[in-house]
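With the hints as extra help, turn the sequences into a complete structure.
Residue numbers (this note's numbering), protein chains in the order written: chain Y, 76 to 806; chain W, 159 to 483.
Keep in mind that the hints were calculated from the coordinates and are not lab data.
The reader is advised that the hints may include incorrect statements.
Unchecked claim - A few chain W residues that face chain Y, going by a derived Cβ cut-off under 7 Å, partial list only:
#	residue
1	Met159
2	Arg160
3	Val389
4	Arg392
5	Ser394
6	Ala396
7	Arg458
8	Pro461
9	Phe465
10	Arg472
Cβ coordinates follow ideal geometry from the N, Cα and C atoms, glycine included.
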Amino acid sequence: MKFDTPAGTNPIDQLTVVGKPTDRIDGPLKTTGTAPYAYERHDVVAGQAYGHVLGAAIAKGRITRMDMADAQAAPGVITIVTAETAGPLGKGKWNTAKLLGGPDIQHYHQAVALVVAETFEQARDAASLIKVDYQAEPGAYDLAAAREGATEAKGEPDTGAGDFHSAFAAAPVQLDATYTTPDQSHAMMEPHASIAAWNGDKLTLWTANQMIRWGVKDVAQTLNIPEENIRLISPYIGGGFGGKLFVRSDALLAALGAKAAGRPVKVALHRPLIVNNTTHRPATIQRIRIGATKDGKITAIGHESWSGDLPDGKPETAVQQTRLLYAGANRLTAMRLAVLDLPEGNAMRAPGEAPGLMALEIAMDEMAEKLGMDPIQFRILNDTQVDPEKPGRPFSQRQLIACLQQGAERFGWARRKPTPASVREGRWLVGMGVAAGFRNNLVTKSAARVRLDGQGVVTVETDMTDIGTGTYTIIAQTAAETMGVPLDKVVVRLGDSRFPVSCGSGGQWGANNATAGVYAACMTLRQAVAQKLGFNATEPRFADGQVSSGGHAVPLALAAKDGEMAAEDGIEYADLHKRYQQSTFAGHFVEVGVDAATGEVRLRRMLAVCAAGRILNPKSARSQVIGAMTMGAGAALMEELAVDKRRGFFVNHDLAGYEVPAHADIPHQEVIFLDEVDPISSPMKAKGVGELGICGVGAAVANAIYNATGVRVRDYPITLDKLLDHLPEIA
Amino acid sequence: MRPFTYERAASPADAAAKAASIPGAHFIAGGTNLLDLMKLQIETPAHLIDVNGLGLDTIEETPDGGLRIGALVRNTDLAADARVRRHYGVLSRALVAGASGQLRNVATTAGNLLQRTRCPYFYDPNQPCNKRQPGSGCSAIGGVTRSLGVIGTSNACIATHPSDMAVAMRVLDATVETVRPDGGSRAIPIADLHRLPGDAPHVETVLERGELITAVTLPRPVGGAQLYHKVRDRASYAFALVSVAAIVQPDGGDGGGNGIAWGRVALGGVAPKPWRVEAAEAHLKQGAKQTTALLLAGARPTPDNAFKIKLAERTLAAVLREARA
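What follows is the structure, given as structure tokens:
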């Protein structure tokens with residue numbers, strides 16, 4: 076189905092199933108521990124051996140010698156894979172560093188060996204018996220130090236409009252401030268894990284991967300085998316957040332280990348490896364300049380960001396939102412990329428906007444204060460309904476003002492004292508903060524197959540994944556709505572490369588695109604069903620398990636009485652996303668208490684008001700947003716991969732050292748979705764929410780801390796040591 | 159994890175004797191710390207002696223009015239004991255500030271005292287660590303040190319002792335009872351149990367090879383306001399940046415002592431052992447600043463953790479304010 080004009084009225088608009096708060100259809104499997112995650116597929120193939128990954132002990136240099144004798148002689152060891160034994164390997168398009176290192180080492184904990192043994196414990200023990208000698212080389216591990224040498228990243232030119240420099244210089248009110256965000260880890264619950272089995276030259280990988288199609292291509296490219304010889308199966312994923320967008324060492328080494336062992340091999344990355352062996356969100360240094368008239372109109376806005384990555388890596392696109400969020404005739408955005416020898420930087424939930432808004436939305440708060448304006452008023456005054464760099468492109472929908480205004484009312488913003496450090500409740504300094512949330516809506520083609528059987532059961536198959544987001548359920552809702560059957564008549568099968576290629580899960584594009592693809596396939600099936608049942612003249616109605624037209628009604632199941640019916644189709648987008656800017660918006664509101672003695676920050680209330688197109692399942696969408704708000708709170712207050720700048724690695728590489736919020740950190744959270752449909756986005760008229768929920772939260776927390784204490788912290792995370800010197804004397 | 163053998167001890171004396179005679183033997187009780195360390199091969203015991211079946215899991219009153227806490231009393235049970243809550247509130251508060259409910263259900267009194275540091279370099283076998291591998295050097299010094307020690311440290315090690323419970327035990331003047339491999343027993347004041355690292359940071363206590371903690375005794379209650387204030391980056395399930403255990407007897411405001419008749423204070427999160435300097439306590443009447451200045455005199459913080467000194471002072475000030483209230 077080609078989507079080239081704005082969606083008109085269609086079967087989804089009935090909203091009998093879509094749009095209703097719906098329990099996850101996979102919920103019982105998850106809550107009873109029976110959803111089969113990759114590492115637990117004991118049933119799929121016999122004779123599974125265990126692989127354990129050995130990570131490099133240096134950040135940069137060469138292996139000069141590997142002594143395998145003790146490891147090979149250890150009990151239960153079947154085989155050991157290294158770069159030397161594996162033979163020539165390619166590198167996946169989506170990987171920056173090699174997944175199997177040696178003799179050159181590109182980053183700390185880069186995999187250098189896989190030990191395969193009869194048991195997990197034997198493999199782990201033997202891995203520790205491998206003696207590796209290294210010749211370490213000096214590397215660059217400090218972004219601030221590498222900043223001067225950073226260059227324009229390939230494919231990421233500076234953007235702008237007007238004459239930023241002159242306009243900023245001439246602006247009566249100016250802000251020029253620099254902010255930093257640290258490296259962060261996805262810290263998902265399920266580690267990267269895969270089981271590999273070869274049947275001749277055919278490879279099956281049961282794995283945890285968000286993007287099945289990318290995965291197949293990259294496995295093929297790395298192993299130098301045809302794509303059609305590879306099957307990826309990833310129906311359940313215990314959290315990804317971008318960390319499982321790409322094939323990682325667990326999958327490659329399971330495949331290599333299984334080849335070498337001559338039997339299936341399973342590999343999970345143990346927790347201390349995940350941080351330095353896989354990807355992370357790169358740290359940024361961001362300089363923001365805003366110039367405005369005295370009455371608060373932005374005349375110049377500039378955002379520059381520095382980040383680092385391994386050679387041939389990519390920048391963290393932290394300036395993305397600044398191209399679109401606020402008006403202003405004179406504009407500049409620029410990204411500079413430094414070469415760092417830290418592990419590979421890559422996408423983590425809302426790459427670009429998440430760290431970008433952490434900086435921009437503090438800057439907006441600072442600017443509002445300079446202007447003596449309420450920060451909500453300042454944002455409203457500088458709203459834009461068109462792409463400010465290309466004013467010919469309107470936003471398809473933009474309700475930022477409504478998000479802020481409704482949020483203000485709901486949150487009791489009027490009770491906020493504009494003067495910082497003026498509310499005290501016992502030991503607590505109390506403050507409120509606000510920030511805009513913004514995340515683009517990306518459209519990408521997505522296909523599905525839909526089957527109808529003689530019992531009237533509709534089965535959907537697509538290589539789409541559910542990374543805990545609720546995809547199973549919204550796809551079932553879409554099929555139920557379109558085919559006119561109750562939810563329990565729909566079966567959804569995901570995450571198998573034998574199914575039609577979907578958009579996959581990432582960039583908050585999954586919900587809208589995957590369901591639109593399922594909708595397209597259902598519409599094609601409807602045509603075939605209608606024809607089969609003899610409804611030739613007019614488009615019949617599909618509802619309540621019946622197909623009907625003009626008083627004539629036939630059970631849907633009848634169409635498949637002689638055999639299953641199936642249809643395959645997908646959504647493909649023309650140029651609406653070029654003609655219109657599609658984005659999602661939020662107003663994030665936070666109230667904090669700061670312990671006046673210790674500087675400990677504790678959240679008291681959080682509210683997000685979101686405008687993100689049609690909300691397909693308000694229940695799972697709310698879960699997405701509160702999860703993202705929690706992640707935003709972590710980013711604001713505690714999450715930081717601590718870099719050892721001498722040795723070149725993230726030191727706190729486990730969940731004791733890398734703190735994410737615990738239940739006690741997260742107080743009352745409220746989410747409101749504005750009533751919105753976006754016919755420009757797809758026939759579903761939906762957009763994404765999974766990343767919008769994190770975008771802006773960090774700055775709302777930071778602004779609330781400022782309001783509570785009068786201390787402006789521009790370096791995340793805002794830990795108590797950054798506040799301590801500025802807190803009041805203790806009486 | 160290295161292969162190991164395992165047995166259940168028959169009695170405390172049996173456990174101690176075996177631990178002394180079997181090469182590479184190690185006691186296991188709750189195992190909440192040991193198992194993690196074994197998985198990372200930071201501890202590689204050849205033989206585990208399970209002491210869980212030895213009794214040692216009751217809390218009894220002593221003839222002089224104190225409490226004798228069996229070494230295997232679980233943290234949850236100790237924190238919830240009515241006598242502890244009534245008379246040793248600082249201990250109960252410290253316990254519930256530590257770890258998580260699940261861990262406290264399993265972790266034991268003696269195991270809590272003997273838990274290893276949480277220095278991240280100790281936990282990474284690729285990095286030199288004098289505590290893990292004597293003589294290999296300290297990679298923490300000059301590295302990421304925000305959570306590490308500011309006092310009592312050495313050029314060989316700047317790790318902290320992570321326990322909350324031990325800080326409260328220290329301020330309560332607890333005594334550690336042990337049985338030795340020869341069947342004899344001794345009592346070790348808690349102040350003397352943990353060693354400072356000096357040039358041998360791998361030797362963390364004065365316990366001899368095979369010596370088994372059987373109980374911790376608390377002297378008769380001293381009264382006073384008993385507070386434990388743990389400061390951390392997240393609200394739960396995190397190790398202390400700084401913690402303050404305090405027992406403060408308010409003077410009713412007429413003693414000219416800033417509202418304080420007498421008090422005791424110990425700090426956690428700053429040193430290789432619960433940090434208490436009795437001589438500093440006389441200065442509690444002058445306030446937190448004077449007390450902390452003495453308590454942390456000679457501190458050698460790093461640029462990353464120098465904030466702990468001010469944090470300790472301010473936390474103590476908040477504790478004293480609460481005690482007077």
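Each hint, compared with the structure:
At its closest, the beta carbon of methionine 159 of chain W sits 5 Å from a beta carbon of chain Y; the interface hint therefore holds under the 7 Å criterion. The beta carbon of arginine 160 of chain W is positioned within 7 Å of a beta carbon in chain Y (closest approach about 6 Å), and the interface hint is therefore held. Proximity of valine 389 of chain W to chain Y holds as hinted, the smallest CB-CB distance being about 5 Å (cut-off 7 Å). Annotation: arginine 392 of chain W was flagged as interfacial toward chain Y, and the flag holds, the nearest CB pair being 5 Å apart, inside 7 Å.
Here the hint on serine 394 of chain W is kept, as its CB sits about 4 Å from the closest CB of chain Y, short of 7 Å. Interface hint at alanine 396 of chain W: satisfied, since its Cβ lies 6 Å from the closest Cβ of chain Y, which is below the 7 Å cut-off. The closest approach between the C-beta of arginine 458 of chain W and any C-beta of chain Y is roughly 18 Å, which is over the 7 Å cut-off, so the hint fails. For proline 461 of chain W, the interface hint is violated, the least distance from its beta-carbon to any beta-carbon of chain Y being 11 Å, above 7 Å.
The restraint placing phenylalanine 465 of chain W at the interface with chain Y holds, with a minimum CB-CB distance near 4 Å, inside the 7 Å limit. Interface restraint check for arginine 472 of chain W: the shortest CB-CB distance to chain Y comes to about 5 Å, inside 7 Å, so the restraint holds.
In the structure shown, a violation is registered for the earlier hints numbered 7, 8, in ascending order.
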